[in-house]
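J.: All chains should be built: construct the whole structure from the sequences, respecting the hints.
Protein chains in written order, with the UniProt record's numbering: chain A, 1 to 584; chain B, 1 to 200.
These are calculated hints, taken from the structure and not from any lab test.
The structure displayed is predicted, hence computed values, not measured ones.
Cβ coordinates follow ideal geometry from the N, Cα and C atoms, glycine included.
Treat the hints with care, since some could be wrong.
[Unchecked claim] Keeping only pairs whose Cα atoms sit at most 30 Å apart, straight-line, the calculated DSS-like set for lysine-lysine is: (1) A:Lys-315 with A:Lys-453; (2) A:Lys-562 with A:Lys-354; (3) A:Lys-315 with B:Lys-88; (4) A:Lys-483 with A:Lys-562; (5) A:Lys-315 with B:Lys-74; (6) A:Lys-453 with A:Lys-499.
[What the hints assert, rightly or not] What the simulated footprint calls covered on chain B by chain A, stretch by stretch (three residues with Cβ under 8 Å from a Cβ of chain A suffice, anywhere in the stretch; the number is not a length): (7) 18-31; (8) 66-72.
Single-letter residue listing:
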Amino acid sequence: MGQSNGPGDSRREMNGAGALWATLANHGITTVFGYPGGAIMPVYDALTFYPEVRHVLARHEQGAIHAAEGWAKATGEIGVCIATSGPGATNLVTGLADAMLDSVPLLAITGNVARHLMGTDAFQEADITGITLPITKHNYVVREVSELPRVIAEAIRIARSGRPGPVLVDIPKDIQLAAFAGEIPVPHARPEAPQPLPEVVARAQELLRSAQRPVMMLGGGTVDAAPELTALARAWDIPVITTLMGLGSFPSSDPLWLGMPGMHGSVAANRAISEADVLLGIGLRFDDRVTGRVNGFAPKASIIHVDLDAAEIGKIVRTHLPVRSDAREAALALTEGAQKLERPEWRAQIEEWKSRTVMPEHWGAGYAVKAVVDRLEPDDILSSDVGQHQMLAAQLARFEKPRRWINSGGLGTMGFGFPAAIGAGMAEPGVRSVVIAGDGGFQMTLQELATLKMYDIRNVKICIINNSFLGMVRQWQELFHEKRYSEVWLGDSNPDFVKLAEAYNVPGYRASNAEELPAAIDAWLNDPHSALLEVVVPNEHGVFPMVPAGAALYEMIETEAKAVSAEPTTSPTTAAATEEAKRA
Amino acid sequence: MTSETFQPQDHLISILVRDEPRVLTRITALFGRRGYNIRSLSVGNTEHPGVSRMTIVVSGDRGVVEQAIKQLEKLHDVVRIIDHSLEKYVDREMVLVKVSLTPETRVEVRQIAEDFRSRIVDVGRHALTFEVTGDEGKITAFIEQMRPFGILETMRTGRVALTRGSNADIPTQVYSGDSAALTPAVEPREEKARGVPNLF
Numbered sequence: 001m002g003q004s005n006g007p008g009d010s011r012r013e014m015n016g017a018g019a020l021w022a023t024l025a026n027h028g029i030t031t032v033f034g035y036p037g038g039a040i041m042p043v044y045d046a047l048t049f050y051p052e053v054r055h056v057l058a059r060h061e062q063g064a065i066h067a068a069e070g071w072a073k074a075t076g077e078i079g080v081c082i083a084t085s086g087p088g089a090t091n092l093v094t095g096l097a098d099a100m101l102d103s104v105p106l107l108a109i110t111g112n113v114a115r116h117l118m119g120t121d122a123f124q125e126a127d128i129t130g131i132t133l134p135i136t137k138h139n140y141v142v143r144e145v146s147e148l149p150r151v152i153a154e155a156i157r158i159a160r161s162g163r164p165g166p167v168l169v170d171i172p173k174d175i176q177l178a179a180f181a182g183e184i185p186v187p188h189a190r191p192e193a194p195q196p197l198p199e200v201v202a203r204a205q206e207l208l209r210s211a212q213r214p215v216m217m218l219g220g221g222t223v224d225a226a227p228e229l230t231a232l233a234r235a236w237d238i239p240v241i242t243t244l245m246g247l248g249s250f251p252s253s254d255p256l257w258l259g260m261p262g263m264h265g266s267v268a269a270n271r272a273i274s275e276a277d278v279l280l281g282i283g284l285r286f287d288d289r290v291t292g293r294v295n296g297f298a299p300k301a302s303i304i305h306v307d308l309d310a311a312e313i314g315k316i317v318r319t320h321l322p323v324r325s326d327a328r329e330a331a332l333a334l335t336e337g338a339q340k341l342e343r344p345e346w347r348a349q350i351e352e353w354k355s356r357t358v359m360p361e362h363w364g365a366g367y368a369v370k371a372v373v374d375r376l377e378p379d380d381i382l383s384s385d386v387g388q389h390q391m392l393a394a395q396l397a398r399f400e401k402p403r404r405w406i407n408s409g410g411l412g413t414m415g416f417g418f419p420a421a422i423g424a425g426m427a428e429p430g431v432r433s434v435v436i437a438g439d440g441g442f443q444m445t446l447q448e449l450a451t452l453k454m455y456d457i458r459n460v461k462i463c464i465i466n467n468s469f470l471g472m473v474r475q476w477q478e479l480f481h482e483k484r485y486s487e488v489w490l491g492d493s494n495p496d497f498v499k500l501a502e503a504y505n506v507p508g509y510r511a512s513n514a515e516e517l518p519a520a521i522d523a524w525l526n527d528p529h530s531a532l533l534e535v536v537v538p539n540e541h542g543v544f545p546m547v548p549a550g551a552a553l554y555e556m557i558e559t560e561a562k563a564v565s566a567e568p569t570t571s572p573t574t575a576a577a578t579e580e581a582k583r584a
Numbered sequence: 001m002t003s004e005t006f007q008p009q010d011h012l013i014s015i016l017v018r019d020e021p022r023v024l025t026r027i028t029a030l031f032g033r034r035g036y037n038i039r040s041l042s043v044g045n046t047e048h049p050g051v052s053r054m055t056i057v058v059s060g061d062r063g064v065v066e067q068a069i070k071q072l073e074k075l076h077d078v079v080r081i082i083d084h085s086l087e088k089y090v091d092r093e094m095v096l097v098k099v100s101l102t103p104e105t106r107v108e109v110r111q112i113a114e115d116f117r118s119r120i121v122d123v124g125r126h127a128l129t130f131e132v133t134g135d136e137g138k139i140t141a142f143i144e145q146m147r148p149f150g151i152l153e154t155m156r157t158g159r160v161a162l163t164r165g166s167n168a169d170i171p172t173q174v175y176s177g178d179s180a181a182l183t184p185a186v187e188p189r190e191e192k193a194r195g196v197p198n199l200f
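T.: This is the structure in structure tokens:
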């Protein structure tokens with residue numbers, strides 16, 4: 001076709017790199033996150049001809065891919081990241097695994113050495129498609145320049161369709177440079193969402209109608225069906241549990257909401273699962289952090305499992321009624337003909353469990369997290385890193401809308417939160433993008449502070465809960481390893497986080513007690529720029545309730561006091577849990 | 001000639017895959033990662049350019065096989081999976097067996113080989129190499145018969161299988177012969193899901 005390499009450029013014919021940008025632009029991709037290098041230089045050269053696509057230079061490829069994930073999680077649109085060959089590509093590995101486990105639509109583009117050098121252990125060569133085979137939904141090496149735009153379009157389609165996931169496209173350098181004269185493809189139409197079979201819907205409704213103690217569980221696959229699922233729960237008057245990934249799919253303010261299930265779930269959620277006679281699980285994969293010991297999970301319930309991905313149904317828990325369907329389609333179908341049934345005993349029981357929720361009243365990590373999340377508006381995006389602060393935020397924050405809670409659920413990636421908050425903040429510059437991190441995780445990707453300055457990002461608010469420990473590991477060592485605190489103390493070596501922020505031209509604030517905290521939060525949130533707040537909290541607080549690894553949900557430890565009184569080796573259950581913890 | 005010699009924990013499946021680089025790795029890596037055990041694997045081209053066919057013997061209980069099939073279904077390169085436990089099929093395996101010979105055993109070894117309708121493919125002074133084709137039971141029986149004489153080497157191909165009857169596992173209307181046309185034509189999951197014990 002002899003297209004130009006970019007707008008206003010008639011000097012050069014289009015090459016593979018230009019075709020890549022043209023295809024991305026055709027797919028409505030406005031922002032990509034990346035880091036240049038030798039084997040991707042033609043792509044960065046061609047970028048200069050595509051001003052309609054904004055490239056965000058991260059300070060590490062891991063920062064770039066987590067930012068792309070944050071973008072995708074906040075918007076539901078595909079996140080795109082770019083890296084060079086070898087070390088650039090391998091730095092994406094953690095983010096790809098993270099996106100795979102959390103079903104994030106992501107396109108990763110990597111450069112590679114020229115085709116004639118592939119397989120020779122050339123400089124900065126790594127077999128990235130081999131490396132990422134188990135942690136991508138699909139991946140490609142582009143073998144001919146004529147195929148490049150088609151492969152990119154197909155990769156985007158695969159990443160977005162069905163159960164979303166990451167797709168990697170590896171492009172040898174000579175293909176980026178080769179002349180391209182084909183058509184630039186337009187986006188594929190999105191395939192229709194699978195609907196549940198009418199007879200399956202009828203059976204599910206029959207089960208719900210006869211249920212005395214029903215409960216609904218919503219996972220990460222439900223975030224785009226929140227209104228329909230809310231209507232479904234209200235129509236049947238079924239209490240709702242949202243998993244860590246499903247927080248926001250049902251409004252926290254609704255009396256039917258029971259909180260989060262699992263290892264650090266609420267008393268109400270875990271007891272309700274343990275007592276339920278019908279459990280309607282939608283868009284979730286029954287992760288072990290959710291189920292606890294599988295043969296003790298929902299032991300009295302008939303389980304209806306609705307999922308788009310047939311392979312998830314029956315993978316972990318026995319399923320009485322499998323429903324392969326899109327969450328929204330299932331919600332609509334199940335709502336039709338719903339019957340509101342009075343179940344006063346079940347409701348009374350649930351209210352009693354809900355009343356057992358203990359709010360943090362004394363100074364500590366929980367108190368600090370609650371003070372911060374209480375100040376959030378429903379539109380604010382809340383990200384977290386991984387650890388105690390993550391579980392506290394998940395327990396204490398209230399979510400009225402989906403896609404306002406961003407965290408690394410499946411992989412538990414420390415270092416995820418801050419770059420993800422940057423990606424989310426760039427996707428929605430009009431809202432606050434708040435991240436709660438620990439002193440450990442923040443130091444894994446803190447170099448992205450530079451990204452805030454470079455792109456004048458003003459809406460990212462970083463809160464570091466500093467307990468001078470790798471707190472979650474310390475909690476496990478306390479409970480299951482007789483307080484042998486092995487390699488978890490950071491206090492002597494932590495930086496001055498306020499000075500650190502200031503070194504990157506980011507304003508820093510600090511609070512060290514309950515009296516200082518409100519004013520510090522005010523100053524931090526009201527700062528017209530992105531800002532950092534360090535909250536210094538006592539070292540040894542734990543997160544409760546807690547279901548020890550390997551225990552059933554009904555064996556949960558409800559409060560810290562009970563954890564202290566239950567010596568790890570006194571009961572067979574905790575002994576088993578200790579064994580499990582050692583293996584974990 | 002079908003499944004009477006099957007070990008109860010073995011399941012025979014065929015996987016039709018797009019003939020793309022690394023597709024064999026993709027399939028075997030999935031088995032490895034998920035902890036499914038492959039007892040035998042054979043791969044070859046099909047009558048359709050761009051499509052290869054694998055026959056895999058998976059060991060494990062019914063749940064393992066169902067989960068393996070469902071996970072395989074998700075791979076982009078997988079065109080179709082046939083679970084042979086759901087329909088009648090024929091299967092064959094070939095083996096080369098090198099048996100040691102002495103003047104005293106020569107006649108007996110040849111006689112056994114004849115009984116099994118085996119072909120001699122190499123004749124040496126001290127050894128004969130036989131080719132045997134048949135189902136797993138026949139091959140195992142042949143090896144057992146030869147064992148007392150001294151087996152020097154064996155090589156089994158792994159099993160191959162086809163569904164009985166006149167239906168082709170790849171409907172010809174799906175194919176135009178070029179692999180690019182393959183993608184949209186086989187896209188509907190219902191089409192792919194044939195042979196999977198369907199829960200839905």
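J.: Next step is simple, just say for each hint if it's right about the structure.
T.: Evaluated hints:
Note on A:Lys-315 and A:Lys-453: the hinted pairing is violated, with a Cα-Cα distance of about 46 Å set against a maximum of 30 Å. For the hint pairing A:Lys-562 with A:Lys-354, the CA-to-CA distance comes to about 18 Å; that is within 30 Å, so the pair holds. Proximity of A:Lys-315 to B:Lys-88 is assessed by CA-CA distance (about 28 Å); at most 30 Å being required, the pair is judged to hold. Distance hint between A:Lys-483 and A:Lys-562 is fulfilled; the C-alpha atoms sit about 16 Å from each other, no more than 30 Å.
Distance restraint check for A:Lys-315 and B:Lys-74: the Cα-Cα separation of roughly 14 Å lies within the 30 Å cut-off, and the hinted pair is therefore satisfied. Restraint check for A:Lys-453 and A:Lys-499: satisfied, since their Cα atoms lie roughly 15 Å apart, inside the 30 Å limit. Against chain A, the region 18-31 of chain B contributes 6 residues with a C-beta closer than 8 Å to a partner C-beta. That satisfies the three-residue criterion, and the hint holds. A stretch counts as covered by a chain when three or more of its residues have a beta carbon under 8 Å from one of that chain; for the region 66-72 of chain B and chain A the count is 4, and the coverage holds.
The structure is inconsistent with hint 1 alone, although it conforms to all the rest.
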